[in-house]
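Trainee: Build the full structure now, drawing on both the sequences and the hints.
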Amino acid sequence: MFKFLRNGSPKTPLPLTAHAETPFRESVPTLTGVRRELIKTAFRDTLRQQGIPSEWVSCEVITVSPTPGEETLQIQLVLTQWQETFLRYGPALEHILLREIDRLDPSTDHAPHQITWRFSPDCGCPFTVMPPPRIWSHAQTASDGVKAEAPDILDRRRTPRPASANDGYQPTQLTKL
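Residue numbers (the working numbering): 299 to 475.
Derived from the structure by calculation, the hints contain no laboratory data. Please read these numbers as outputs of a predicted model, since none were measured by experiment. You can trust all of the hints, since none of them are fake.
Derived DEER-like restraints, expressed as beta-carbon distance ranges:
#1 Met-428 x Asp-407: 36 to 46 Å
#2 Ser-352 x Ser-435: 34 to 44 Å
#3 Thr-406 x Pro-429: 34 to 44 Å
#4 Pro-429 x Thr-339: 37 to 47 Å
#5 Val-362 x Ser-418: 19 to 29 Å
#6 Glu-358 x Thr-383: 20 to 30 Å
Glycine included, C-beta positions come from ideal geometry on N, C-alpha and C.
Mentor: Okay, here's the thing in structure tokens:
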């Protein structure tokens, strides 16, 4: 009457199927794997839309665990051929890439993704040594070597500023009538 309360295995083993032979996690792609492919697809689309040759930069997606149980995806953009323009427009390219990822997967928050840049050892960078330390000093400008200071907005001058030759302004003298 209460056969369902008996402990033990059934007398006849269940037949094995193809699904039972392979573990579940191997037969179904992981969520992280799907996100990696999504990021790589978005990267290829971004390069194509911006007219950047795919030989110049590649993308690697790495899983990073800052704390146990938490996963963040790190997107490494690898510069494989030296293009100084990437350094100038790198933040814009990152913004477009994240926007493309959001377009392809709007239901997921992609804010925790980290984007890093890496330079391939054989990218052909012409800068192999650091410049002298004085180049990083803010005391000199690259054009004339003189420190350029902005005027203080609270400066109350007693004498008018001299007119520059470029603005065409000529001060006039007021006379009493």
